[in-house]
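Enquirer: If you read the protein sequences in the order shown, they are chains A and B. Every letter in the first sequence is one number past the one before it in this note's numbering, and letter 92, counting from 1, is 92. Every letter in the second sequence is one number past the one before it in this note's numbering, and letter 108, counting from 1, is 108.
Quick caveat, the hints were computed from the structure, so don't treat them as lab data. One or more hints might be untrue.
[Said to hold, decoys possible] Simulated restraints on C-beta separations:
1. A118(B) x R62(A): 25 to 31 Å
2. R379(B) x T102(A): 27 to 33 Å
3. R13(A) x A105(B): 26 to 32 Å
4. R47(A) x D446(B): 37 to 43 Å
5. S131(A) x G346(B): 22 to 28 Å
6. V117(A) x R347(B): 28 to 34 Å
7. E34(A) x R347(B): 18 to 24 Å
8. A199(B) x G52(A): 30 to 36 Å
9. R214(B) x A27(A): 16 to 22 Å
10. S100(B) x S131(A): 37 to 43 Å
11. N44(A) x A118(B): 40 to 46 Å
12. R19(B) x N44(A): 46 to 52 Å
13. I11(A) x A300(B): 43 to 49 Å
14. A27(A) x P348(B): 36 to 42 Å
Keep in mind it's a predicted model, so treat the numbers as computed, not measured. Backbone N, C-alpha and C define an ideal beta-carbon position, used for all residues, glycine too.
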Amino acid sequence: MELDEIVARHIGREGPLLPILHDVQAAAGFVSEEAIRDIAQALNLSRAEVSGVVSFYHDFRRTPDPRPAIRLCRAEACQARGSEALAAHAERVAGERVRVGTVYCLGLCTVGPNAMVGDELHARLDEGAVSALIGAM
Amino acid sequence: MTLVRIPDDALAVACGADRVARRFEELGATVERVSSWGMHWLEPLVEIDGIGFGPVGVADVEGVLAGGSDLSVGRIEDHPFIASQTRLTFARAGKTRPLSLQDYAATGGWKGLERARAMTAEAITAEVTASGLRGRGGAGFPAGIKWETVRTANGVRKYIVCNADEGDSGTFADRMLMEGDPFVLIEGMAIAGLAVGAAKGFVYIRSEYPHAVRKMEAAVRLAAPLVAPFEIEVRVGAGAYVCGEETSLLNSLEGKRGEVRAKPPLPAHEGLFGCPTVINNVLTLAAIPYILAEGAQAYADYGMGRSRGTMPVQLAGNIRFGGLYETAFGATLGELIGIGGGSASGRPVKAVQVGGPLGAYFPPSLFDTPFDYEAFTARDGLIGHGGVVVFDDSVDMAAQARFAFEFCAAESCGKCTPCRIGAVRGRETIERVIAGDPDGLALVADLCETMKFGSLCALGAFTPYPVMSAITHFPADFVVEERV
Ligand SMILES: Cc1cc2nc3c(=O)[nH]c(=O)nc-3n(C[C@H](O)[C@H](O)[C@H](O)COP(=O)(O)O)c2cc1C
Ligand code: FES
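The task is simple: from the sequences and hints, build the whole structure.
Expert: Written as structure tokens, this is what we have:
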């Protein structure tokens with residue numbers, strides 16, 4: 001989707017910046033300097049303001065990373081079910097090819113360790129399941 | 001034809017419920033997707049004529065349909081995990097199709113809103129105050145008093161904001177509510193709107209909950225004509241734990257960095273876009289329809305002391321029977337862990353963290369603590385959002401203390417120094433202790449005092465709870481000789 005379309009879709013809402021950034025991130029995989037400039041102009045904000053918002057939130061990236069990504073939950077309830085050992089295993093299997101990220105809690109705290117790939121959730125993971133997930137990416 | 005009921009919430013789906021549902025359909029069954037009962041160890045939990053089977057995998061489907069499956073758990077409603085609960089907020093869990101307006105109305109939906117429409121705004125807030133309902137997001141502030149403040153505040157525009165950021169590890173009740181019974185939250189928000197004179201509401205949902213976002217968006221569309229002229233909009237967070245803090249959340253909704261605001265002014269006076277704003281947790285708002293429909297006293301009859309009503313407790317982590325356990329305040333921590341069947345690993349339970357990443361770690365000697373705001377405070381702990389995370393004896397409490405600082409450092413909004421710098425120093429110091437520096441612990445204690453009293457919000461101010469409770473209750477884990 002083009003940036004103007006994204007902006008047009010949200011500009012009438014109260015507090016449109018986050019919805020715009022979400023759509024830009026989803027469409028491009030990151031929020032570029034040009035996007036920041038154009039959004040700032042459209043919303044009548046300074047580039048520094050928009051830039052500050054982008055950098056504040058973990059969900060927004062400022063540089064592209066074309067690799068497929070998996071996010072493992074590393075919060076307490078998953079730690080209690082073995083997420084730390086599993087994370088080390090995931091890093092080994094992923095190597096440079098797949099990005100292994102961290103998420104703190106997916107709300108599945110009874111069936112961990114858990115992971116998220118895109119919007120898809122995976123529960124009750126063990127080493128075999130993680131290897132298979134990463135292998136298929 | 002056999003009617004098979006299978007949950008469609010994020011947890012059931014993550015455990016394979018969609019594949020199981022497809023298999024049932026392939027074999028000629030009619031599948032109805034419903035909410036989850038909250039018995040997570042049995043997910044995907046399949047229901048046929050009231051009888052439960054779980055956890056069902058694709059390969060088990062044929063056996064379940066043939067009637068000879070050993071996965072049967074008997075009548076779900078009679079299962080001790082369900083039968084021993086008091087489900088007021090989660091009354092529909094497992095029983096209705098989440099997006100069916102018909103199911104919702106048939107199970108008492110909209111009765112609270114109907115009654116509220118016939119009342120004055122003042123009478124509604126009085127009813128909520130009389131129920132004793134306290135905020136379920138963590139701080140336990142009386143909901144009725146907050147509403148009354150917003151009702152009497154001057155403002156042309158006012159807002160209802162539902163805090164669905166649910167960032168605490170070990171908690172999932174907001175998620176289950178939004179994915180399983182979204183209309184009850186919408187009804188609660190509409191009642192809040194009537195009570196304070198707000199025409200618009202926002203639900204701010206964390207981005208880690210894509211299923212809940214989709215469900216709520218669909219539910220809001222379906223229910224729009226029923227709650228009009230009140231309007232609701234769903235907004236998605238962007239991966240910042242601190243945005244669960246109410247003023248940070250408001251900044252985020254406004255499109256700003258999610259930095260914490262200094263209080264006063266309270267959001268009730270100057271909240272979203274500077275307007276008087278009710279900000280409540282999902283569970284707080286979802287408790288409202290029951291209170292309006294059945295009356296304040298019916299709700300207040302449950303509970304202990306100043307903790308009235310029920311709490312949807314979330315039994316999580318290394319626990320055998322994990323899930324959602326709604327019960328009147330007053331059950332002890334030990335009783336709750338007993339209901340959860342002890343650790344999933346079968347090893348002894350060593351510690352339990354209650355109240356999320358900012359909550360204290362309790363050892364078994366404190367398991368007689370009743371679930372009650374004041375009782376937990378008296379023991380230097382907190383109930384928070386009701387998450388109970390169980391750890392077995394393989395846990396290293398020094399590592400947990402280190403993690404508490406690390407989490408605070410990663411999630412600090414950066415606005416105040418005690419939190420931003422303190423967390424980083426704290427992690428370094430715990431690492432020195434782990435490496436064998438005996439003087440480190442006194443430094444950690446000092447640092448915790450500074451964070452506790454100098455931080456702008458509870459992120460920095462409460463990180464000392466997990467840290468100091470780990471040090472106080474599990475001293476052996478901080479002695480290097482014993483660790484090797
Ligand atoms: C760091 C931090 C994170 C918080 N996260 C949440 C949250 O995810 N959900 C929530 O309802 N309240 C959260 N709170 C509490 C809110 O600030 C606020 O007390 C709550 O939204 C008020 O609603 P209630 O009275 O219904 O609980 C958090 C507080 C802090 C300090
Ligand atoms: S702690 Fe991992 S899902 Fe909640």
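Enquirer: Would you mind marking each hint as holding or not holding in the structure?
Expert: Consistency of the hints with the structure:
1. A118(B) x R62(A): 25 to 31 Å: Violated - the Cβ-Cβ distance for A118(B) and R62(A), about 54 Å, lies outside 25 to 31 Å.
2. R379(B) x T102(A): 27 to 33 Å: For T102(A) against R379(B), whose Cβ atoms are near 31 Å apart, the range 27 to 33 Å holds.
3. R13(A) x A105(B): 26 to 32 Å: 30 Å, holds
4. R47(A) x D446(B): 37 to 43 Å: 41 Å, holds
5. S131(A) x G346(B): 22 to 28 Å: 26 Å, holds
6. V117(A) x R347(B): 28 to 34 Å: 31 Å, holds
7. E34(A) x R347(B): 18 to 24 Å: Given about 55 Å between the Cβ atoms, the range is violated.
8. A199(B) x G52(A): 30 to 36 Å: 31 Å, holds
9. R214(B) x A27(A): 16 to 22 Å: Holds, at about 18 Å.
10. S100(B) x S131(A): 37 to 43 Å: 40 Å, holds
11. N44(A) x A118(B): 40 to 46 Å: 45 Å, holds
12. R19(B) x N44(A): 46 to 52 Å: Holds: the Cβ-Cβ distance is about 49 Å, inside 46 to 52 Å.
13. I11(A) x A300(B): 43 to 49 Å: 46 Å, holds
14. A27(A) x P348(B): 36 to 42 Å: The hint (36 to 42 Å, Cβ to Cβ) is violated, given that A27(A) and P348(B) are roughly 51 Å apart.
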